[in-house]
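Below are the chains, spelled out letter by letter.
There are 4 protein chains.
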Amino acid sequence: MTTIEAEGSGAETGTAPGTLTHEGGAVHGYHHQKDEHLKRLRRIEGQIRGLQRLVDEDVYCIDILTQVSASTKALQSFALQLLEEHLRHCVADAAVKGGTEIDAKVEEATKAIARLLRT
Amino acid sequence: MTTIEAEGSGAETGTAPGTLTHEGGAVHGYHHQKDEHLKRLRRIEGQIRGLQRLVDEDVYCIDILTQVSASTKALQSFALQLLEEHLRHCVADAAVKGGTEIDAKVEEATKAIARLLRT
Amino acid sequence: MTTIEAEGSGAETGTAPGTLTHEGGAVHGYHHQKDEHLKRLRRIEGQIRGLQRLVDEDVYCIDILTQVSASTKALQSFALQLLEEHLRHCVADAAVKGGTEIDAKVEEATKAIARLLRT
Amino acid sequence: MTTIEAEGSGAETGTAPGTLTHEGGAVHGYHHQKDEHLKRLRRIEGQIRGLQRLVDEDVYCIDILTQVSASTKALQSFALQLLEEHLRHCVADAAVKGGTEIDAKVEEATKAIARLLRT
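Residue numbers (this note's numbering), protein chains in the order written: chain S, 191 to 309; chain E, 191 to 309; chain A, 191 to 309; chain U, 191 to 309.
Calculated from the structure, these hints are not laboratory results.
Here the structure is a predicted model, which is why all the values come from computation and not from measurement.
One or more of the hints may lead you astray.
Copies of the same chain are indistinguishable here, so a pair counts whether it falls within one copy or spans any two.
Stated by the list, open to error - Listed below are the simulated EDC-like cross-link pairs for lysine to aspartate or glutamate, each with C-alpha atoms no more than 20 Å apart in a straight line:
1) LYS287 <-> ASP225
2) LYS301 <-> ASP253
3) LYS229 <-> GLU247
4) LYS287 <-> GLU275
5) LYS229 <-> ASP293
6) LYS263 <-> GLU275
Starting from the given sequences, assemble the full structure and let the hints guide the process.
Here it is, written out as structure tokens:
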């Protein structure tokens, strides 16, 4: 599991100074929960690897489907947390700033929610 | 990525003689597409690792949500293929056999579909 | 609510002798639960009318969304019951008959499930 | 269809002066699209009545399921429009006002989205 630990460690990447992104250096709403997000995603990655094991061991179809539902639920739950932080920070900031940016932000967020609903 | 290749190789596990499972040695419906399923799942695993990279690099929330929707869709699509094979083999076999097993099989499949719908 | 009772009564339509349909007179799987289905659908119709009342009375958006979720859940639940009966009768019958019809039936059912999942 | 027209007309109810609601007379975000919302909901009500007709006429299960999917999609689409207006007005207003109300509003909206996802 070397790759994954390296990816998740953030040692060489994520939190280094200078990597701040998007619109002049502001970090996104989810930045503060970054570690929690990475932990969640590694858990989901483990679930997907578990699914490969189940298929490989010829486990009963229905039991595999139950595990697929659990993984999908975990992904949806991750998406909801990300969305909540996005609304609380990016969307709320646009509202405070005034102007028309709030309209674009709300439309963008609604489209993202529509994509989640349609999957 | 050593771990994953090892897991997916099936060298020591899946297809060896004697590992046949469930109800007296019959393999499940999805057995014939096993390689395709493992390939799909490895691709989904790659998507989840890609999500970790996006979070780690502070990519914009909405772009991450788009990628989450793609992963969820891929999982649903995997579930649907598994379900189709289950209906074509396990459920149809129960119908041919006669008796009351078909009722149990149909109820079980419907519950699995309900779980997929509710995620 | 005169209209609805008239529609649901089936006096002039549904259960009259001779109206049996599809493939030489065989009725579908859900036929036996017809009354229950119609009752469920009338309840959902009532929920949709309730939604109109909420919008008309300027009820708080979130409370309306809660009611929309309840209606969607009721529709999904109706779909699942219909699907279960379809699997138990139409799909199982095709399996018993033998031949290639089972493949077409399973593919058709899977596509219907996919449509339910994607909404 | 007398009932529905009477319900939807708003003659005796919705837009009369003095019926404004919630927090000291402010109307909700969706108020401005009220007529459009009612039109959409009446169309969905018509779809549900169409479903009753299909069941009553013993139409093939799969064709009924297709129609259920269409109704669910229409409900989801209505929910998304309501949600967009809620974010643009109620949530954005809370952000502008400052204080902690924005947190409560965002949490509430996220929970509503979660309910939509889980149906």
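(message) One pair to classify: LYS229 and ASP293, alpha carbons no more than 20 Å apart. Within, between, both, or neither?
(response) neither (33 Å within a copy, 24 Å between copies)
(message) Treating 20 Å as the Cα threshold, decide for LYS229 and GLU247: within, between, both or neither.
(response) between (27 Å within a copy, 15 Å between copies)
(request) Please work out whether the CA atoms of LYS301 and ASP253 approach to 20 Å or closer within one copy, between two copies, in both situations, or in neither? (result) between (33 Å within a copy, 11 Å between copies)
(message) When Cα atoms must be at most 20 Å apart, do LYS287 and GLU275 count as within-copy, between-copy, both, or neither?
(response) both (18 Å within a copy, 19 Å between copies)
(message) My question is about LYS263 and GLU275: at a cut-off of 20 Å on alpha-carbon distance, are they close within one copy, between copies, both, or neither?
(response) within (19 Å within a copy, 23 Å between copies)
(request) Could you place LYS287 and ASP225 in one of the four classes (within, between, both, neither) given a Cα distance threshold of 20 Å? (result) Classified as neither; 29 Å inside a copy, 31 Å across copies.
Going down the numbered hints, you'll see the structure goes against 1 and 5, while the others check out.
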